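Given chain A, put chains B, C, D, E and F in place with the hints provided.
Number of protein chains: 6
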Amino acid sequence: MSMVDVTAKPDAFREAMARGIIKLRRETVKLIESGMVEKGNPAEIAKVAGVLAAKATSQLIPLCHQLPLTSVKVDVNIIDESTVEVISIVRTRAQTGVEMEALTATSIALLTIWDMVKAYEKDELGQYPYTSIEGIRILKKEKAMSN
Amino acid sequence: MSMVDVTAKPDAFREAMARGIIKLRRETVKLIESGMVEKGNPAEIAKVAGVLAAKATSQLIPLCHQLPLTSVKVDVNIIDESTVEVISIVRTRAQTGVEMEALTATSIALLTIWDMVKAYEKDELGQYPYTSIEGIRILKKEKAMSN
Amino acid sequence: MSMVDVTAKPDAFREAMARGIIKLRRETVKLIESGMVEKGNPAEIAKVAGVLAAKATSQLIPLCHQLPLTSVKVDVNIIDESTVEVISIVRTRAQTGVEMEALTATSIALLTIWDMVKAYEKDELGQYPYTSIEGIRILKKEKAMSN
Amino acid sequence: MSMVDVTAKPDAFREAMARGIIKLRRETVKLIESGMVEKGNPAEIAKVAGVLAAKATSQLIPLCHQLPLTSVKVDVNIIDESTVEVISIVRTRAQTGVEMEALTATSIALLTIWDMVKAYEKDELGQYPYTSIEGIRILKKEKAMSN
Amino acid sequence: MSMVDVTAKPDAFREAMARGIIKLRRETVKLIESGMVEKGNPAEIAKVAGVLAAKATSQLIPLCHQLPLTSVKVDVNIIDESTVEVISIVRTRAQTGVEMEALTATSIALLTIWDMVKAYEKDELGQYPYTSIEGIRILKKEKAMSN
Amino acid sequence: MSMVDVTAKPDAFREAMARGIIKLRRETVKLIESGMVEKGNPAEIAKVAGVLAAKATSQLIPLCHQLPLTSVKVDVNIIDESTVEVISIVRTRAQTGVEMEALTATSIALLTIWDMVKAYEKDELGQYPYTSIEGIRILKKEKAMSN
Numbered sequence: 001m002s003m004v005d006v007t008a009k010p011d012a013f014r015e016a017m018a019r020g021i022i023k024l025r026r027e028t029v030k031l032i033e034s035g036m037v038e039k040g041n042p043a044e045i046a047k048v049a050g051v052l053a054a055k056a057t058s059q060l061i062p063l064c065h066q067l068p069l070t071s072v073k074v075d076v077n078i079i080d081e082s083t084v085e086v087i088s089i090v091r092t093r094a095q096t097g098v099e100m101e102a103l104t105a106t107s108i109a110l111l112t113i114w115d116m117v118k119a120y121e122k123d124e125l126g127q128y129p130y131t132s133i134e135g136i137r138i139l140k141k142e143k144a145m146s147n
Numbered sequence: 001m002s003m004v005d006v007t008a009k010p011d012a013f014r015e016a017m018a019r020g021i022i023k024l025r026r027e028t029v030k031l032i033e034s035g036m037v038e039k040g041n042p043a044e045i046a047k048v049a050g051v052l053a054a055k056a057t058s059q060l061i062p063l064c065h066q067l068p069l070t071s072v073k074v075d076v077n078i079i080d081e082s083t084v085e086v087i088s089i090v091r092t093r094a095q096t097g098v099e100m101e102a103l104t105a106t107s108i109a110l111l112t113i114w115d116m117v118k119a120y121e122k123d124e125l126g127q128y129p130y131t132s133i134e135g136i137r138i139l140k141k142e143k144a145m146s147n
Numbered sequence: 001m002s003m004v005d006v007t008a009k010p011d012a013f014r015e016a017m018a019r020g021i022i023k024l025r026r027e028t029v030k031l032i033e034s035g036m037v038e039k040g041n042p043a044e045i046a047k048v049a050g051v052l053a054a055k056a057t058s059q060l061i062p063l064c065h066q067l068p069l070t071s072v073k074v075d076v077n078i079i080d081e082s083t084v085e086v087i088s089i090v091r092t093r094a095q096t097g098v099e100m101e102a103l104t105a106t107s108i109a110l111l112t113i114w115d116m117v118k119a120y121e122k123d124e125l126g127q128y129p130y131t132s133i134e135g136i137r138i139l140k141k142e143k144a145m146s147n
Numbered sequence: 001m002s003m004v005d006v007t008a009k010p011d012a013f014r015e016a017m018a019r020g021i022i023k024l025r026r027e028t029v030k031l032i033e034s035g036m037v038e039k040g041n042p043a044e045i046a047k048v049a050g051v052l053a054a055k056a057t058s059q060l061i062p063l064c065h066q067l068p069l070t071s072v073k074v075d076v077n078i079i080d081e082s083t084v085e086v087i088s089i090v091r092t093r094a095q096t097g098v099e100m101e102a103l104t105a106t107s108i109a110l111l112t113i114w115d116m117v118k119a120y121e122k123d124e125l126g127q128y129p130y131t132s133i134e135g136i137r138i139l140k141k142e143k144a145m146s147n
Numbered sequence: 001m002s003m004v005d006v007t008a009k010p011d012a013f014r015e016a017m018a019r020g021i022i023k024l025r026r027e028t029v030k031l032i033e034s035g036m037v038e039k040g041n042p043a044e045i046a047k048v049a050g051v052l053a054a055k056a057t058s059q060l061i062p063l064c065h066q067l068p069l070t071s072v073k074v075d076v077n078i079i080d081e082s083t084v085e086v087i088s089i090v091r092t093r094a095q096t097g098v099e100m101e102a103l104t105a106t107s108i109a110l111l112t113i114w115d116m117v118k119a120y121e122k123d124e125l126g127q128y129p130y131t132s133i134e135g136i137r138i139l140k141k142e143k144a145m146s147n
Numbered sequence: 001m002s003m004v005d006v007t008a009k010p011d012a013f014r015e016a017m018a019r020g021i022i023k024l025r026r027e028t029v030k031l032i033e034s035g036m037v038e039k040g041n042p043a044e045i046a047k048v049a050g051v052l053a054a055k056a057t058s059q060l061i062p063l064c065h066q067l068p069l070t071s072v073k074v075d076v077n078i079i080d081e082s083t084v085e086v087i088s089i090v091r092t093r094a095q096t097g098v099e100m101e102a103l104t105a106t107s108i109a110l111l112t113i114w115d116m117v118k119a120y121e122k123d124e125l126g127q128y129p130y131t132s133i134e135g136i137r138i139l140k141k142e143k144a145m146s147n
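Taken in order, these protein sequences are the chains called A, B, C, D, E and F. According to the working numbering, the first sequence holds residues 1 to 147 in order. According to the working numbering, the second sequence holds residues 1 to 147 in order. According to the working numbering, the third sequence holds residues 1 to 147 in order. According to the working numbering, the fourth sequence holds residues 1 to 147 in order. According to the working numbering, the fifth sequence holds residues 1 to 147 in order. According to the working numbering, the sixth sequence holds residues 1 to 147 in order.
No lab work stands behind these hints, which were simulated from the structure alone. Model, not experiment: these values are computed from the prediction. Any given hint could be a false lead.
Chain copies aren't distinguished; within one or between two, either way the pair holds.
To be verified - With a straight-line Cα cutoff of 20 Å, these simulated DMTMM-like cross-link-like pairs (lysine to aspartate or glutamate) come out:
no.	residue 1	residue 2
1	Lys39	Asp123
2	Lys23	Asp123
3	Lys143	Glu121
4	Lys23	Asp5
5	Lys118	Asp5
The shape of chain A in the complex, shown without the other chains (with noise of 0.2 Å):
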């Protein structure tokens, strides 16, 4: 086993987009939508997790290489009523490219506003009929040669 091996490839400026969606009950978006949610503001939360767990990406994912990343962007949207997205731009100047630090960003924002709101999402039982994550993509991957 071993991590490919990069040693010769030439820097390049590189940027990848990756993209999920959290469904939730109505009644939990309603809650976000108002800032009444009780731990404190899943939004925000979630993009400091996201950002923190994409420079953490090459100690999550074995196979992964630490790349310097120089930029780093987390986004939370409300899209309806039952459904949050997240957005992660990420951008570097390496010898390899960075969908897997988006994808993680994207993963890890999800996961804080389920743990943000899980209160609100269990039911009678404490189980979570309602609560799942989908969709996650890498919208947009692209790479420029640096001169």
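Positioned in the frame of chain A, the structure of chains B, C, D, E and F alone reads:
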């Protein structure tokens, strides 16, 4: 902002089971089945990444408590010609539940599978039109008071 | 060299409260108050960083024990036109106290505020003649035996 | 929320020097001077903690970039009968400055000194009326374009 | 105390190869060979642990620089009826060498093998009279200036 | 793959003692003895690294449980003109033993000594013909039921 205060809660035996899937190209699933993925065995490496991620949950999800997990089990199964499933079961004896740990293990294991096969999932433009992570859910959560 | 041996000590409910301040330029404090800091909300991000740092204390301070924190709360307040205060309250049920966790949360939250506003604090030579962190102290430490 | 985008910035040689002090009881400073602190040598352990913290800055301060530090130096000096000083100097060749790394090294080194001597700083009620960390500042920040 | 200052050193292609062995009971080596170790596949899990450890070296060894590894390869081989060997090869393009990364990968992979088979190595008193890690060495270290 | 399930096991007082040695050139051991190692004091820094590593064991060894260590002690001794010994003693009150923690502390402390003196161990070709880590073993493991 604060973590939920669980100081006064008694310990209980707790378990959570989470599941999620990754959609891949049929050619990629065949490579996994035949043990031909060049970077190594995606299922094995995903399981290790999932177990480690379960134990790192409180560092990744800002308001999660640090829980001493007494068992973590991560399974990876090919369920049809374009779908791989991850199921994680986490146990503890603690003051709060382990659903975030099971979800984090599942998410990081799924991301690790993506990373292991990303060379086969990209199209000729370097994009990922086929790959997505779907249906990350809690299948079951249990709690039993210890005596 | 060794960590203090607490093997034989009984568990107790423990709490510690720490406080510190950061001195900033008046213009910077106005930007914080009006929500105009370009990188994001310094108070929100500092609170997240503080909570995460409390949980990472035993990895940062070499001889600190690993304690399962049952509550962490970090508050950020503007207390006059050039001063922002951080107060952290940490609780556990463990064999030793949590003053280092409260102090670490406070220190990292203060550093995060600095980082969020550093573009506004630098003078024309790129130096920081105005900015300083002061008065990091333990306000209160409590212990109650559990039964 | 986003990290400042430094993708297009050129690398430069960068250095930052940070300083802070911890106020201790005179008896405690004498114990440090005479090498009688039971848990070990506070200055040595604080220096190690400071160097490691400098390298962990991007995991602690959410919007800090990951910078490959080329030099970290942490000094600990007793400057009068109740004051210990920490000075940290950090260097890199990167797209952005290292002031947060120097401040983080200094803060964690000061907290480590507190931890090492906390048995001697507590009063009979277990409180810390004498101990405080003060004056954490950037003494100097420099930048030179590499060619 | 300080990290060696490599600020002025040029980047070079660097490689290091480290090796070590673990002595085990013959029955244990047979279990590994036949894939009968109950906790999982020791070689696979050791390789993952080794690769992750290589990337964590600067957090574990206090004065190591943070190096962006461009390749990490860990191999595990049974070399006789009571000996398992680990060989790690690490590459980078950086200002200083990667021998500590190769040694750390090797050491953590060997410890992981021990952990995976520890149920079979203990005697009836719960002691480990047979198990030991031996001969951790650098086999080769290379450096080539990049142009 | 799964961590051993210890959910139903009772807590016990547990201790493990591990030992290992590093073989060095005689000139290097003399430099250590005379306090002339330029990067700092190898024994002091190795002890700090060992204590921190003990606490990080569950993040390094994939299937290790997270145990709240109640005591960690690392000693470094020069035992003859070319040999330095590390002995680590770890204690906890938990559901499973701490041999992996003692072994990890010992291994990382030995690697830290290597790193501290590597300038003196290299030959004229930059190789390490003299240096090796040997005999990492568990000297003793104990368990006593708590009441």
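Each hint, compared with the structure:
no. : hint             : in the structure
1   : Lys39 to Asp123  : within (19 Å within a copy, 35 Å between copies)
2   : Lys23 to Asp123  : within (15 Å within a copy, 29 Å between copies)
3   : Lys143 to Glu121 : between (40 Å within a copy, 17 Å between copies)
4   : Lys23 to Asp5    : neither (39 Å within a copy, 27 Å between copies)
5   : Lys118 to Asp5   : between (42 Å within a copy, 15 Å between copies)
In this structure, the one hint that does not hold is number 4.
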